[in-house]
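Asker: Each protein sequence line maps, in turn, to chains C and S. As numbered in numbering that gives the first Met the number 0, residues 0 to 324 make up the first sequence, in order. As numbered in numbering that gives the first Met the number 0, residues 0 to 780 make up the second sequence, in order.
Don't read these hints as lab results, they were simulated from the structure. Please note that a few of the clues may not be correct.
As the list claims (entries may be wrong) - Using C-beta positions, here's what the derived DEER-type ranges look like:
no.: 1; chain 1: S; residue 1: Met424; chain 2: C; residue 2: Gln102; range: 46 to 54 angstroms
no.: 2; chain 1: S; residue 1: Met715; chain 2: C; residue 2: Phe5; range: 31 to 39 angstroms
no.: 3; chain 1: S; residue 1: Glu727; chain 2: C; residue 2: Lys86; range: 55 to 63 angstroms
no.: 4; chain 1: S; residue 1: Glu28; chain 2: C; residue 2: Gly2; range: 57 to 65 angstroms
no.: 5; chain 1: C; residue 1: Ile202; chain 2: S; residue 2: Glu161; range: 55 to 63 angstroms
no.: 6; chain 1: C; residue 1: Gly2; chain 2: S; residue 2: Pro116; range: 34 to 42 angstroms
no.: 7; chain 1: C; residue 1: Ile202; chain 2: S; residue 2: Gln414; range: 39 to 47 angstroms
no.: 8; chain 1: S; residue 1: Met424; chain 2: C; residue 2: Lys86; range: 55 to 63 angstroms
no.: 9; chain 1: C; residue 1: Arg298; chain 2: S; residue 2: Lys462; range: 37 to 45 angstroms
no.: 10; chain 1: C; residue 1: Gln288; chain 2: S; residue 2: Leu208; range: 40 to 48 angstroms
no.: 11; chain 1: S; residue 1: Gly64; chain 2: C; residue 2: Arg232; range: 26 to 34 angstroms
no.: 12; chain 1: C; residue 1: Asn105; chain 2: S; residue 2: Glu720; range: 45 to 53 angstroms
no.: 13; chain 1: S; residue 1: Gly416; chain 2: C; residue 2: Arg232; range: 46 to 54 angstroms
Unchecked claim - Here are the simulated SDA-like cross-link-like pairs (lysine to any residue), alpha carbons at most 20 angstroms apart as the crow flies:
no.: 14; chain 1: C; residue 1: Lys144; chain 2: S; residue 2: Glu146
no.: 15; chain 1: C; residue 1: Lys315; chain 2: S; residue 2: Cys85
no.: 16; chain 1: C; residue 1: Lys144; chain 2: S; residue 2: Lys773
no.: 17; chain 1: S; residue 1: Lys779; chain 2: C; residue 2: Pro299
no.: 18; chain 1: S; residue 1: Lys773; chain 2: C; residue 2: Ala301
no.: 19; chain 1: C; residue 1: Lys39; chain 2: C; residue 2: Glu20
no.: 20; chain 1: C; residue 1: Lys39; chain 2: S; residue 2: Arg150
no.: 21; chain 1: C; residue 1: Lys1; chain 2: S; residue 2: Lys25
no.: 22; chain 1: C; residue 1: Lys1; chain 2: S; residue 2: Gly698
A quick note: this is a predicted structure, and the numbers were derived from the prediction, not measured. Note that CB positions come from ideal geometry on N, CA and C, so glycine has one too.
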Amino acid sequence: MKGFTFHKPRSLKEALAMLKEADGKAKIMAGGTDLLGAMKDGIMQPERLINLQEIPDLANIRPDNDRLHLGALVSLHEITVHPSIQKRFGILAQAAQEVGSPQLRNMGTLGGNLCQRPRCWYYRGDFVCLKRGGDQCFAVTGQNKYHAVIEGGPCFIVHPSDTAPALLAMDASVRIAGPDGEKIAALEKFFMTPRDNVTRENILEPDQILTEIMVPLPREGSRGIYLKARERRCWDFALASVALLLNIDDGICQEIRLVLGGIAPIPFRASKAEEVLKGKPIEIELIDQACRMALSGARPLASNAYKLELTQALIKQALLTLSNK
Amino acid sequence: MLPNASGKVVVTVGRRVKTRVEEEGKIEEINVELPHEDLPPWEEKNLVWVGKGIPRVDGFEKCTGKAKYTYDIHLPGMLYGKILRCPHPHARLIRLDTSKAQRLSGVKAILSQENAPPIPWYNDSFLFDRTLRCVGEEVAAVAAVDEYIARDALDMIEAEYESLPFVVDPEEALRPGAPPVRPGGNLLDGKPIIYSRGEIEQGFDEADLIIEENFSTQVQAHACMETHGSVVNWEGDHLTIWESTQGVSDVREGMAKALGIPISKVRVIKDFMGGGFGSKTREGKYTVIAALLAKMTGRPVKLMLDRKEEFYATGHRPSSLQYVKAGVKKDGSLTAIYLRSIGACGAYETPLFPSKFSMIDALARPYRELYHCPNVKTEVYPVYNNIPVHTAQRAPGHVEGTFALEQVMDQAAHQLGMDPIALRMKNYALKDQVEDFPYTRKALDQCYQKGAEKIQWEKRNKKPGEKKALICEGIGMAGQIWGGGGGPPAYAIIKINQDGTANLLTGTQDIGTGSKTVFVQIASEELGISPKDITITLGDTETTPYAPRSSGSRTVPSVGPAVRSAAADAKRQLLDLAGSILDSKAEDLAIREGQIYLKNNPTRKIPLKEITQKMGNNMIMGVGSRGPNPPQAAINVFGAQFAHVAVNTATGEVRVLKVVSIHDAGRVINSMTLNNQIEGGIVQGMGYGLMEEVIWDKGTGIMLTPNLHAYKLPTMLDIPEVVPGVAEGSDPANNIGAKGIGEPPKIPTAPAIANAIYNAIGVRLKELPITPDKVLRALKI
Ligand SMILES: Cc1cc2nc3c(=O)[nH]c(=O)nc-3n(C[C@H](O)[C@H](O)[C@H](O)COP(=O)(O)OP(=O)(O)OC[C@H]3O[C@@H](n4cnc5c(N)ncnc54)[C@H](O)[C@@H]3O)c2cc1C
Ligand code: SF4
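Same shape as in the complex, but just chain C (with noise of 0.2 angstroms):
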């Protein structure tokens, strides 16, 4: 790892001045469960670091009529335990817990959990590839058991958060502040495939900071689940997950958000499967026929097709445990 200062700004404004100032050489540090690990891997070498966690507002936990405020600096373990969280968005809450270990809870926000790094094995190790500037992604034809089968090229990430998937079932979206201001970004426009830009994954600009995510109230009636598969029982991230936000109202599913996490390079919203169930009475069937659909037009790589079938058993047990079938 190479030396940097550390920064500890007490506002945000302090912390945006710092940023611009530092032209691209410096990194916002929130848990720094994610970022140390990639500097120490020397994927990442700034300058500065820039510690958030001094500035007040932004671990805010704020219900109001029908929203939920999530200051970016929240910590997992806080959104676990939050009774409001669990009460009214399940989903969350589930997929927080499934995040890590009870130390990266702790210390992982849920800023940081969705602007973390991806976890691909050439690219935290000794590879220069696409993503690390190089001209060559090395899953393609190397080892992939655990990239994307989904939307990938040129590069074959999968997205890491766990939290991701969740929020966006829960159709979330985000505050961006930066030098000019803020805006608020839905969560579906955030997250970026590698073929918009194969050295990011998100639309954050260098001198930007996720503020606050915004989580509106489901509607009554609705249910939330997230299942996770994995190698080890925890401290390990998604083969593939799923999230899924059910609203069956006289039989009929009047809402469906289904999102897949470990699959793709963004957290991926399986469209053509709700597309199957709207509106339409929930049958076995036709939970097949989602199942089948939900990841059509995937290509798996040499040693992930396994990755098919496992999402689609998360997805048919998830609308099943919902559909109460």
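Please build the complex by placing chain S with the ligands on the supplied structure of chain C, with the hints as guidance.
Answerer: Below, chain S with the ligands without anything else, positioned relative to chain C:
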């Protein structure tokens, strides 16, 4: 010592005999000096301390952070060493420019092929070599005032390499025209290692059923919590080394040889250590490098590897491919077993067993010995490839071989419609068929029986995979054979103090297994002094007599008898003294729980302390040594493990719910430390079975898993309920009746899990580790 007629030097001290000892499957005949007397076995009913589960004597120090590990050693003026490693899988170093690094303030010395002595290392290579055969090989080293400067200095060294063709995949390495890893071909010694008995083809002709299967096992890392490393200090020409090691004496010997100095000039100390599992059996390149850097600078040097180096540069369990063919008759009796296997050595021969013996061949042992079978042939191809060299890891070979063999047995039982245990009993081997020796003891039948009861064997699915459900449960079992008999030489000394306490000194080490506690218990038992009144010193070559390295599950069976013999010697002297003071014959006296009493009238007793007080500054010192193993006999540890698993048939996730583990390790000295070994072995065996794997990128020879996140060790949530147990009784192999338990529990864990998965879903998983992708793929076929 005089030269004999042939000019050879013969040692003529003491009474010497030849004896047979085994380490990690390697069997040797050695000369041994007999101890003063052969002690009779302990009388079971009189045992006070042996067999008890007493807490570790050093538990308090460990729990409170007082225990000092090599990592904790800090000497005044100490420098920090770091190693520059080769980024290429096969290359020639053509230019090395250290001048910039040399000028960095705080850098005190730089060592490389240019200024280091040509110390021979693996095969025909050197400590620093211009030809580099894997990523991670040592190119240069720096000593600096702190670690950060040392790291920065490494970045400033300019190294230029000429890339050479390389091969990572072991099967590819064997193909004609494959890039040569080293001169002389990629097959070690140019030929397979073949063992054969009977007539293999005839055996297959006699069979009613033939099973043929291919298996593959992965590379497993040791992943020691404390990384490898040393702190070294020269005082004049005397070198002291603090080393995280399983063998202080081996490090002393190896370092003396590497540096060309007498053994008496080297002192090696290891007090506490954080794991070795076979990878810390001798000095590493880092030890020699630290010593050379310290010599150059005149200052102590600390050189501890970082986590990535730990994965790259400290060895691993080699991968294997196994083709197995077995023939059985309708009644279950085996007629033939054939194994053809490829094992990946890495770029060199393992330094632990440099000559004839290859750790790769150890995988064939279970095929040759676990079952009675007249016709057996094993054919093992050790192959060089451009990855780091492998080394011993907890039951080398046996873990890989048993994974395949025990699944073949399970398959045979299934196809014959037999109970897998009945099939094993049908082929129960009553002697070592390779050496043609009887076993000193074999209670494997007891292990099968006890284990079956505890897992409720009858509850397994009668037809594998018969139940169709999202979550399918199953029960499976596997057995094991291991060496673990130990042997000479090993020595111990016991000093009796005026205040009635004792100091026990022996040159073995406690590598985290609890051997300190076990030896104190043995001494307590023999001496009649309570464990709290005995202190133990080990892990220091200067202050203790020789004992072997802690590998091959042999620490307790090798050193324990020497400790007992030292205690017996001290006791004899104590009783002599007591006899003269009490005016009675020593033979009529005995000691128990700190009291000396008359054998025929135990109410007449006197505290031991009152006797020792009278010694003044006279000392009682007991000296003991390990006697030979019984002639013409094989000493082995056996065991059986049973796993209960749940398989999610939709996601392929496997959960191990319970493992029952019963071993014949002879007498249990401490039931708590024994259970620790069983639990640890099962955790490591389960990691091997389900998740751990070192993965290389074949296109570059770079490791993709050199950290504790990508390399998946089991977490607390993955660990099943473990039910440990033993076959009752002791083994006549040595004077304490104990055999080793360090390695055995790891051996049958993965096959028991695989057989349980088969019982659950009716599908056989033949590639390790059994991850969800493989389960899903297998279910699909
Ligand atoms: C061993 C291990 C296992 C893990 N397992 C999981 C897992 O199972 N599931 C999962 O989802 N994650 C996992 N993580 C990833 C991750 O570290 C955590 O989930 C955590 O939430 C990251 O938050 P942080 O606050 O520590 O982020 P940091 O490390 O502080 O930051 C991460 C990145 O985001 C940027 N960033 C942080 N906050 C902001 C902000 N407000 N605005 C703009 N940019 C910002 C930083 O500059 C940095 O690039 C794991 C990490 C490790 C090391
Ligand atoms: S998948 Fe992306 S990050 Fe991984 S090697 Fe390819 S380009 Fe690099």
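Asker: Does each hint hold? Answer for all of them.
Answerer: Hints versus structure:
One distance hint, 46 to 54 angstroms for the beta-carbon pair Met424/S and Gln102/C, holds here, with the actual separation near 49 angstroms. Checked against the hint of 31 to 39 angstroms, the C-beta distance between Met715/S and Phe5/C comes to roughly 33 angstroms, which is consistent with it. The given range of 55 to 63 angstroms is respected by Glu727/S and Lys86/C, whose C-beta atoms sit roughly 56 angstroms from each other. A beta carbon spacing of about 59 angstroms between Glu28/S and Gly2/C agrees with the range 57 to 65 angstroms that was offered as a hint.
A hinted range of 55 to 63 angstroms is violated for the C-beta pair Ile202/C and Glu161/S, which are about 45 angstroms apart. Range check, Gly2/C to Pro116/S: Cβ separation about 35 angstroms, and the 34 to 42 angstroms hint holds. Evaluation of the 39 to 47 angstroms hint for Ile202/C and Gln414/S yields a failure: the beta carbon distance comes to about 60 angstroms. Between Met424/S and Lys86/C the CB atoms are about 59 angstroms apart, so this pair conforms to the stated range of 55 to 63 angstroms.
Checked against the hint of 37 to 45 angstroms, the C-beta distance between Arg298/C and Lys462/S comes to roughly 39 angstroms, which is consistent with it. Taking the beta carbon of each, Gln288/C and Leu208/S are about 45 angstroms apart, inside 40 to 48 angstroms as hinted. At about 29 angstroms, the CB distance of Gly64/S to Arg232/C agrees with the hint of 26 to 34 angstroms. In this structure, Asn105/C and Glu720/S break the distance hint of 45 to 53 angstroms, their C-beta atoms being roughly 28 angstroms apart.
Range check, Gly416/S to Arg232/C: Cβ separation about 36 angstroms, and the 46 to 54 angstroms hint is violated. A hinted pair counts as satisfied when its Cα atoms are at most 20 angstroms apart, and Lys144/C with Glu146/S does not qualify at roughly 36 angstroms. About 49 angstroms separates the Cα atoms of Lys315/C and Cys85/S, which puts this hinted pair outside 20 angstroms; it is violated. Restraint check: the Cα-Cα separation between Lys144/C and Lys773/S comes to about 11 angstroms, which is no more than 20 angstroms; the hinted pair holds.
A C-alpha spacing of about 17 angstroms is found between Lys779/S and Pro299/C, which places the hinted pair at or below 20 angstroms, so the restraint holds. For the given pair, Lys773/S sits about 14 angstroms from Ala301/C by alpha-carbon distance, which is consistent with the 20 angstroms threshold. Straight-line distance between C-alpha atoms of Lys39/C and Glu20/C comes to about 24 angstroms, which puts the hinted pair past the 20 angstroms bound. Only pairs whose Cα atoms come within 20 angstroms are accepted, and Lys39/C paired with Arg150/S is accepted, the gap being roughly 12 angstroms.
Restraint check: the Cα-Cα separation between Lys1/C and Lys25/S comes to about 47 angstroms, which exceeds 20 angstroms; the hinted pair is violated. Of the pairs offered as hints, the one joining Lys1/C and Gly698/S is violated, with about 29 angstroms between alpha carbons and a cut-off of 20 angstroms exceeded.
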